[in-house]
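Undergrad: In case you want the letters, here they are:
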Amino acid sequence: MASDTTVPSASEMKPAGAQALREARSDAGGPPVKRYTLRDTLIDAVGAALLTGVLGFFFLALRTEIAPGGLDITTRWVLWFTAVAIVFVGRLLLNLFVFRTERPITRRLRRSSGGKVAVRPGWVSRAIAIALFAIAAFLPFLIMAIFPGQQRQLIDLSILILTYVMLGWGLNIVVGLAGLLDLGYVAFYAVGAYSFALLSTHFEFIGFWTALPLAGMLAAFWGLALGFPVLRLRGDYLAIVTLAFGEIIRVVLLNWYEVTGGPNGISGVPKPTFFGYEFTRGEDGASALLGLEYSTIHRFIYLYYIIFLLALLTNFVTMRLRKLPVGRAWEALREDEIACRSLGINTTNTKLTAFSIGAMFGGFAGSFFATRQGFISPESFTFLESAIILAIVVLGGLGSQIGVVVASVVMIGGIELLRNVGFLGNLLPGFDPVQYRMLIFGLAMVAIMVWKPRGLVTTRTPSAVLKEQKKIGADMVSQGEGH
Amino acid sequence: MSIAAEPRVPVAGTSVHRWETDPVLTVEHLTMRFGGLVAVGDLSFSVGRGDITALIGPNGAGKTTVFNCVTGFYKPTEGRIVMRHGAGAKANLVEKVTGSSARYETDKGSGVFLLERMPDFEISKKAKVARTFQNIRLFGGMTLLENLLVAQHNPLTVASGFTFAGILGLSSYRKAHREAVEKAVYWLERVGLVDRADDPAGDLPYGDQRRLEIARAMCTDPQLLCLDEPAAGLNPRESTELNQFLQFIREQGTSVLLIEHDMGVVMEISDHVVVLDYGVKISDGDSGFVKNDPKVIAAYLGVDDEAEIDVPEVRAEVTAARHEHEHQADPQAARDSN
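Protein chains in written order, with our numbering: chain A, 1 to 483; chain B, 1 to 338.
Since the hints were derived computationally from the structure, they do not count as laboratory data.
Be careful, since some hints might not be right.
[Stated by the list, open to error] Heads up, simulated DSS-like pairs for lysine-lysine below, C-alpha to C-alpha not over 27 Å straight-line:
| # | chain 1 | residue 1 | chain 2 | residue 2 |
| --- | --- | --- | --- | --- |
| 1 | A | Lys271 | A | Lys467 |
| 2 | B | Lys126 | A | Lys323 |
| 3 | B | Lys96 | B | Lys75 |
| 4 | B | Lys96 | A | Lys471 |
| 5 | B | Lys175 | A | Lys467 |
| 6 | B | Lys125 | B | Lys90 |
| 7 | B | Lys108 | B | Lys90 |
| 8 | A | Lys323 | B | Lys90 |
| 9 | A | Lys323 | B | Lys183 |
| 10 | A | Lys467 | B | Lys183 |
| 11 | B | Lys175 | B | Lys126 |
[What the hints assert, rightly or not] According to the in silico footprint, chain A covers these stretches of chain B (three or more CB under 8 Å from chain A):
| # | segment |
| --- | --- |
| 12 | 81-88 |
| 13 | 250-257 |
Glycine included, C-beta positions come from ideal geometry on N, C-alpha and C.
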């Protein structure tokens with residue numbers, strides 16, 4: 001890119017300017033002596049642009065090409081001029097808003113994101129929570145009413161988002177509450193999915209509802225199995241071992257051909273039944289049972305409500321656990337493990353419960369995934385999945401339940417949304433935003449993390465209140481191991 | 001310092017001391033080595049039930065190492081550490097437990113615990129030894145109330161039916177939770193922090209954090225409270241309040257073992273003082289005995305302060321003690337290698 005050569009030169013100049021500004025302030029002992037005029041600012045920007053012009057002349061404006069008689073020089077004045085213009089405008093904007101102003105916009109942003117927690121009246125947050133819950137509870141019908149053309153696609157997307165909400169909540173127990181960085185959470189998702197797929201394909205009588213608790217228990221067992229070796233590990237080492245565990249599970253699934261089908265996966269995983277009735281066409285289908293005319297959308301709505309209830313269960317249990325001794329011990333463990341031991345808390349058991357309960361919810365989500373897809377293969381359980389789930393938890397704010405929801409909508413919904421913004425290409429001819437969606441998405445993530453380094457919801461709600469509930473700012477709360 | 005000017009008291013042992021007849025904790029031949037470094041060498045002392053016992057000594061004398069051994073954070077290289085519940089020395093029971101492979105034995109409120117065999121969390125949970133830390137270790141992101149509730153983890157876990165009854169929201173757990181909050185409020189009132197119960201602990205000023213840490217330790221219902229430099233960084237007024245608070249804790253039936261540099265605190269409130277230097281006990285007795293012990297004076301005032309001691313007999317003893325000290329080659333060499 002053209003600006004590659006110019007951006008460093010601009011940013012190198014920044015510390016000098018900032019330092020000079022600071023010195024000027026310290027000399028005066030308060031208000032700055034030097035006041036920046038628009039003229040100074042313009043001269044500075046022109047200077048930067050000139051520098052770019054000189055430096056970029058041979059790199060950008062001239063280009064040698066192989067011609068029949070030897071080398072030929074072609075000129076690219078448009079490119080050169082664009083680069084100079086970008087530097088001029090960029091430098092001017094930075095000067096106006098960051099470098100040469102008494103109230104840099106960066107500082108204002110920081111003030112708005114950190115510092116004192118804004119106090120919102122209790123009923124406002126409660127009203128927002130109820131409204132959001134109502135929307136989630138009736139989402140399939142809202143979608144059918146508002147977007148009848150895309151209903152199947154949108155309900156499917158909602159199911160996907162809810163699956164990630166549930167996974168995020170499960171991982172939040174391990175990473176957000178207990179403060180143990182787990183990079184291999186997808187292993188439990190895989191264990192849950194394969195448990196259900198194998199059980200249902202081998203035993204006729206096992207359906208989704210019987211397999212669900214079994215899958216959760218098996219995943220919890222694997223959580224314990226992972227917990228034991230990582231108990232004595234801290235920080236980065238813990239993260240590496242959990243990462244390796246996730247890969248071990250995937251590689252075993254890939255190579256244990258006789259049982260898992262290897263890369264071919266397992267197909268024909270049964271669909272969930274509605275009190276024993278399947279969502280099929282005909283007299284004995286669930287649609288007929290409910291007195292509705294058969295439509296394929298019914299099965300999607302049903303799946304939506306299954307994952308909605310599972311996610312609610314996860315949230316309910318997590319919120320309850322936070323108020324119980326074990327949940328408080330998780331958070332205490334995140335804050336200070338040595339102090340925990342001095343208070344008689346068995347940190348080994350506490351870590352194991354966090355791992356196994358987190359894994360159990362991962363297992364539930366996994367068996368839901370298997371029944372929704374009808375087909376699973378090890379490809380669905382790569383490290384990227386773990387990374388996405390972890391990114392949801394971190395982006396939402398460690399330990400925050402509502403943050404996970406927002407982050408799932410932003411991350412999973414955001415990528416999908418960017419697929420549908422082709423019309424924006426009309427604004428800039430030759431630029432198709434759909435092609436750049438991952439890039440745009442990555443930049444948005446970077447921007448969010450710069451703006452809110454501790455995630456979207458940074459406050460911690462105390463688990464017990466004596467008189468008045470006060471939110472605790474993120475700067476107080478420690479992040480635990482491996483962050 | 002006016003230590004040397006005061007009249008000397010007779011050698012300990014002429015009167016009967018509580019730490020000899022009714023010890024709550026005995027440390028016997030405790031040795032802790034870190035590689036070649038002997039941090040604590042063959043140390044023996046007792047803590048009397050209901051006493052305030054101070055462990056003092058210059059920097060690097062091994063005081064915190066002793067604490068870490070007692071509270072299970074270090075496994076001692078050699079030695080036995082016995083914690084007793086219920087009155088008496090229980091010599092027979094101690095020998096019986098030592099001979100068996102058991103870590104402890106309890107019987108209706110009385111019991112004997114071999115702390116060197118127990119993991120750290122069990123020492124707090126079963127043997128009822130609580131501790132605080134030299135550099136305060138609070139749960140900074142949790143409120144004061146939560147800090148004190150975490151300290152009641154074990155009784156609350158039992159009350160929550162090991163989480164299962166708690167998840168279902170049974171009333172037995174809610175009752176236990178209310179009682180736990182009441183107990184937390186009681187201790188918050190004792191340390192004067194009840195108005196800040198819903199603030200994060202990390203927001204408290206230093207002196208308040210120290211008091212909160214002691215309150216948190218008291219919420220585990222300890223029989224022995226180990227305080228690692230509780231007066232460090234406190235101003236004189238806070239120091240006085242701390243003394244009163246420690247007296248109160250002692251009146252509640254909890255024995256106190258404290259490490260302290262502030263001689264004002266130590267001499268004012270301690271019933272029993274044990275002095276360490278280079279990991280070896282150099283003096284043991286009540287505060288009057290210890291502060292006139294020439295070995296202590298030599299260790300504290302150093303060798304160059306001899307001229308300032310204006311009582312001739314004391315100066316002679318200090319000189320003698322100093323020579324004796326210099327000839328203790330082993331610990332000296334160990335410290336040099338550090």
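Undergrad: Would you mind marking each hint as holding or not holding in the structure?
TA: Hints versus structure:
no.: 1; hint: Lys271(A) with Lys467(A); result: violated, 50 Å
no.: 2; hint: Lys126(B) with Lys323(A); result: holds, 24 Å
no.: 3; hint: Lys96(B) with Lys75(B); result: holds, 22 Å
no.: 4; hint: Lys96(B) with Lys471(A); result: violated, 53 Å
no.: 5; hint: Lys175(B) with Lys467(A); result: holds, 18 Å
no.: 6; hint: Lys125(B) with Lys90(B); result: holds, 21 Å
no.: 7; hint: Lys108(B) with Lys90(B); result: holds, 14 Å
no.: 8; hint: Lys323(A) with Lys90(B); result: violated, 42 Å
no.: 9; hint: Lys323(A) with Lys183(B); result: holds, 17 Å
no.: 10; hint: Lys467(A) with Lys183(B); result: holds, 15 Å
no.: 11; hint: Lys175(B) with Lys126(B); result: holds, 23 Å
no.: 12; hint: 81-88; result: violated (count 0)
no.: 13; hint: 250-257; result: violated (count 0)
Comparing the model with each earlier hint shows violations of hints 1, 4, 8, 12, 13; every other hint is respected.
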